[in-house]
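Going down the list, the sequences are from chains A and B.
With the first letter of the first sequence counted as 1, position 210 gets the number 210 in this note's numbering; the numbers rise by one all the way through.
Start counting at 1 in the second sequence, then tack on 368, and there's your number in this note's numbering.
It is worth saying that the hints were derived from the structure and are not from the lab.
Keep in mind it's a predicted model, so treat the numbers as computed, not measured.
Do not rely on the hints blindly, as some may be mistaken.
Claimed, not checked - The calculated lysine-lysine pairs, modelled on BS3-like cross-linking and capped at a C-alpha distance of 25 Å, are:
hint: 1; chain 1: B; residue 1: 503; chain 2: B; residue 2: 459
hint: 2; chain 1: B; residue 1: 515; chain 2: B; residue 2: 459
hint: 3; chain 1: B; residue 1: 585; chain 2: B; residue 2: 387
hint: 4; chain 1: B; residue 1: 596; chain 2: A; residue 2: 5
hint: 5; chain 1: B; residue 1: 515; chain 2: B; residue 2: 503
hint: 6; chain 1: B; residue 1: 515; chain 2: B; residue 2: 484
hint: 7; chain 1: B; residue 1: 484; chain 2: A; residue 2: 5
hint: 8; chain 1: A; residue 1: 334; chain 2: A; residue 2: 107
hint: 9; chain 1: B; residue 1: 596; chain 2: B; residue 2: 403
hint: 10; chain 1: B; residue 1: 459; chain 2: A; residue 2: 10
hint: 11; chain 1: A; residue 1: 84; chain 2: A; residue 2: 199
hint: 12; chain 1: A; residue 1: 45; chain 2: A; residue 2: 84
hint: 13; chain 1: B; residue 1: 503; chain 2: B; residue 2: 484
hint: 14; chain 1: B; residue 1: 515; chain 2: A; residue 2: 10
hint: 15; chain 1: B; residue 1: 503; chain 2: A; residue 2: 10
hint: 16; chain 1: B; residue 1: 585; chain 2: B; residue 2: 403
hint: 17; chain 1: A; residue 1: 20; chain 2: A; residue 2: 10
hint: 18; chain 1: A; residue 1: 10; chain 2: B; residue 2: 484
hint: 19; chain 1: A; residue 1: 199; chain 2: B; residue 2: 515
hint: 20; chain 1: B; residue 1: 596; chain 2: B; residue 2: 585
hint: 21; chain 1: B; residue 1: 459; chain 2: A; residue 2: 199
hint: 22; chain 1: B; residue 1: 387; chain 2: B; residue 2: 400
hint: 23; chain 1: B; residue 1: 403; chain 2: A; residue 2: 199
hint: 24; chain 1: A; residue 1: 199; chain 2: A; residue 2: 5
hint: 25; chain 1: B; residue 1: 585; chain 2: B; residue 2: 400
hint: 26; chain 1: B; residue 1: 403; chain 2: B; residue 2: 591
hint: 27; chain 1: B; residue 1: 400; chain 2: B; residue 2: 591
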Amino acid sequence: MNQLKAFILKEIFHILRDRKTLLVLFGIPVAQIILFGFALSNEVKNTRLLVCDQAHDSYSALLTSRLDASRYFDVTGYTENPEKGLADLRAGTAHMVVVIPQDFAGKLDHGNEANIQLLTDGTNPNLAATIQLYVQAIVNDFRNDMYGKPDLPYEIGVSPRMLYNPQLKGSYTFVPGVMAMVLMIICTLMTSVSIVREKELGNMEMLLVSPMNPMTAIFSKAVPYLMLSLLLVTVILILSVTVLEVPIRGNILLLYLVSFVFIITSLSFGLAISTVTNSQQVAMLISLMGLMLPTLMFGGFMFPIENMPLPLQVVSNIVPAKWFYYSINDIMIKGLGLSAVYQRVLLLIGYSAVFLAISFRNFKIRLA
Amino acid sequence: MSTALLDTWSIETRDLTKKFGDFTAVDRISFKVGKGEIFGFLGANGAGKTTAMRMLTGLLNPTSGSAFVAGYNIATDPESVKRNIGYMSQKFSLYQDLRVWENIEYYGGLYGMSLKEIREATGRMMEDLGMNAEKNVLVSELPLGWKQKLAFSIAIMHHPGIVFLDEPTGGVDPITRRQFWNMIYQTAREGITIFVTTHYMDEAEYCERVAIMVDGKIEAIGKTSELKSAYHAGSMDEVFYLLARGATRSE
Chain A
1 MNQLKAFILK
11 EIFHILRDRK
21 TLLVLFGIPV
31 AQIILFGFAL
41 SNEVKNTRLL
51 VCDQAHDSYS
61 ALLTSRLDAS
71 RYFDVTGYTE
81 NPEKGLADLR
91 AGTAHMVVVI
101 PQDFAGKLDH
111 GNEANIQLLT
121 DGTNPNLAAT
131 IQLYVQAIVN
141 DFRNDMYGKP
151 DLPYEIGVSP
161 RMLYNPQLKG
171 SYTFVPGVMA
181 MVLMIICTLM
191 TSVSIVREKE
201 LGNMEMLLVS
211 PMNPMTAIFS
221 KAVPYLMLSL
231 LLVTVILILS
241 VTVLEVPIRG
251 NILLLYLVSF
261 VFIITSLSFG
271 LAISTVTNSQ
281 QVAMLISLMG
291 LMLPTLMFGG
301 FMFPIENMPL
311 PLQVVSNIVP
321 AKWFYYSIND
331 IMIKGLGLSA
341 VYQRVLLLIG
351 YSAVFLAISF
361 RNFKIRLA
Chain B
369 MSTALLDTWS
379 IETRDLTKKF
389 GDFTAVDRIS
399 FKVGKGEIFG
409 FLGANGAGKT
419 TAMRMLTGLL
429 NPTSGSAFVA
439 GYNIATDPES
449 VKRNIGYMSQ
459 KFSLYQDLRV
469 WENIEYYGGL
479 YGMSLKEIRE
489 ATGRMMEDLG
499 MNAEKNVLVS
509 ELPLGWKQKL
519 AFSIAIMHHP
529 GIVFLDEPTG
539 GVDPITRRQF
549 WNMIYQTARE
559 GITIFVTTHY
569 MDEAEYCERV
579 AIMVDGKIEA
589 IGKTSELKSA
599 YHAGSMDEVF
609 YLLARGATRS
619 E
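Construct all of the structure, not just a fragment, from the sequences and the given hints.
Right under this line is the structure:
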């Protein structure tokens, strides 16, 4: 037991003395949280709107001020000339032009019907579709406020509500994604590189000629990374709750349990990598290509898996991060319990077993 | 295995062979090393030195033949072998980012020494090496010669019966090398067998007996003085050249 303690301490010294790496380790999640949370958001904010107001009456002024008040839009100018609107769309100075027809108020009050034209820059289809919906919503609100609910006999009302993430905040998907990424970097990349470094420097040889069971030494190598990972999970969770205002709706212990299992999976993958190569560069390359890239592509948080062609969807199933990501999403955002995620957790445990078996087998071969 | 053998010989191999596929890295080598002897294992790169040493230290299983190290069979009881040997690799294998005493503690732990034993050994070692002031220094800040001496002291801190030195003086200046060999003599006088591989032939002169490996076989074995007279050579360098020039293998 004393031995194990000494070994674990030694690994902690290694990690603590490598200040630069440590800085990177804690810098990555913080930077990612901030980047993904604020800069790389796929929400639409401050869309440049040109109002082509041909009515100039009180109704059109009211509608315009409502559009401007929305945090999704910035009214960048007014014009009467639709040609100017088209020119602005071409130049990109406007994302959308709202054309309010002549005699807007009169048509509404007396004719009961007025049409507003929305000209949208369709070169970015996602943006165009989103902002059209936003304007429609604002116009509907405006109409309802002016005339109350239309009193038609056969109306089917659709009242959509986005559950779990009513504001469609991007950070809700990024937080579990960042967690998957960071854990993978630490557990797989760092662990495999640090074990392979022992081989490169000849320390592994010393270990193998000693009476020590090499598995004990490797186990003691994994422990500090496990602790470091749990610490980083905590940092990420604190950042997400305080800075990004992402809620933790489920059981926090369950959240940690799932993270723990995923950490073990990543550690055993790192271990498996370290048994097949003798060079730090190769270990790093395998970690990056074999894990980071598939994690980004198929993890589910960058590109929606549901939109992929079937073969790729099948491929995505073998990426462990996907199962971690879905589980964290279910627990954190939806507030689901163990019954919702236990199958994925079992799958992750299965992965760990396979990776550990591979490492163990390769280790034996090396000693033959 | 008779107990008499145990008492006399530190290492004894009989037709020890290692094949990797069709390639015979070590070809039926047989030799004995006495207790407290300084035994040099010479050979050009690729001659099979390292493979032979790996078998003797329990890192590789022999394909055929047998070997006893410190009285234990390397094929059937490698764990006992490991407990009774020390090993120093040519890379010294100290952790550069750990302090001197942390390295000592780690390697002491590898050999199952208690913390108390390690502390005592550390104190003695620092005294002997004159490194009391450097106990808390990171190994990366030590000069190469000191690292080498420290690595050797660590290799014998658990009082093994035999210590294996794999090209221990690579890249070290002649004065430090001389000092290092003084440490080796001191250790041998304490009854620890020294098994050293080298390709520095002036170092071979320091050994009591040497074996010269060529293409996986032992071409010559004996006291350095005997070998020199047998081959009518003035130095071990000449002996080695006479034997190794016919070698067909190289790395």
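So, going through the hints one by one against the coordinates:
1. Note on residue 503 of chain B and residue 459 of chain B: the hinted pairing holds, with a Cα-Cα distance of about 21 Å set against a maximum of 25 Å.
2. As the CA atoms of residue 515 of chain B and residue 459 of chain B are separated by approximately 10 Å, the hinted pair is consistent with the 25 Å bound.
3. For the hint linking residue 585 of chain B to residue 387 of chain B, the alpha-carbon distance of about 13 Å falls within 25 Å, and the restraint holds.
4. Straight-line distance between C-alpha atoms of residue 596 of chain B and residue 5 of chain A comes to about 53 Å, which puts the hinted pair past the 25 Å bound.
5. For the proposed pair residue 515 of chain B and residue 503 of chain B, the alpha carbon gap of about 12 Å is at most 25 Å, so the pair holds.
6. A distance of roughly 24 Å separates the Cα atoms of residue 515 of chain B and residue 484 of chain B; the hinted pair therefore holds under the 25 Å criterion.
7. Of the pairs offered as hints, the one joining residue 484 of chain B and residue 5 of chain A holds, with about 15 Å between alpha carbons and a cut-off of 25 Å not exceeded.
8. Restraint check for residue 334 of chain A and residue 107 of chain A: not satisfied, since their Cα atoms lie roughly 46 Å apart, outside the 25 Å limit.
9. A distance of roughly 24 Å separates the Cα atoms of residue 596 of chain B and residue 403 of chain B; the hinted pair therefore holds under the 25 Å criterion.
10. Using a Cα cut-off of 25 Å, the hinted pair residue 459 of chain B and residue 10 of chain A holds, with the two alpha carbons roughly 20 Å apart.
11. This hinted pair does not check out: residue 84 of chain A and residue 199 of chain A have alpha carbons roughly 69 Å apart, beyond 25 Å.
12. At roughly 23 Å between alpha-carbon atoms, residue 45 of chain A and residue 84 of chain A fall within 25 Å of each other, so this suggested pair holds.
13. Between the alpha carbons of residue 503 of chain B and residue 484 of chain B the distance comes to roughly 17 Å, so the proposed pair stays at or under 25 Å and holds.
14. With a C-alpha separation of about 19 Å, the suggested pairing of residue 515 of chain B with residue 10 of chain A holds against the 25 Å cut-off.
15. The hinted pair formed by residue 503 of chain B and residue 10 of chain A meets the criterion: a straight-line CA distance of about 16 Å does not exceed 25 Å.
16. Taking the CA atoms of residue 585 of chain B and residue 403 of chain B, the gap is near 23 Å; set against the 25 Å cutoff, the hint holds.
17. The hinted pair formed by residue 20 of chain A and residue 10 of chain A meets the criterion: a straight-line CA distance of about 18 Å does not exceed 25 Å.
18. Proximity of residue 10 of chain A to residue 484 of chain B is assessed by CA-CA distance (about 18 Å); at most 25 Å being required, the pair is judged to hold.
19. With a C-alpha separation of about 19 Å, the suggested pair residue 199 of chain A and residue 515 of chain B falls inside the 25 Å cut-off, and the hint holds.
20. Annotation: proposed proximity of residue 596 of chain B to residue 585 of chain B holds, straight-line Cα distance about 19 Å (limit 25 Å).
21. As the CA atoms of residue 459 of chain B and residue 199 of chain A are separated by approximately 11 Å, the hinted pair is consistent with the 25 Å bound.
22. Restraint check for residue 387 of chain B and residue 400 of chain B: the C-alpha separation of about 22 Å stays at or below 25 Å, so the hint holds.
23. Taking the CA atoms of residue 403 of chain B and residue 199 of chain A, the gap is about 32 Å. The hint is violated against a cut of 25 Å.
24. For the hint linking residue 199 of chain A to residue 5 of chain A, the alpha-carbon distance of about 22 Å falls within 25 Å, and the restraint holds.
25. Proposed proximity of residue 585 of chain B and residue 400 of chain B is supported: the alpha carbons are some 15 Å apart, at most 25 Å.
26. Restraint check for residue 403 of chain B and residue 591 of chain B: the C-alpha separation of about 15 Å stays at or below 25 Å, so the hint holds.
27. Distance hint between residue 400 of chain B and residue 591 of chain B is fulfilled; the C-alpha atoms sit about 13 Å from each other, no more than 25 Å.
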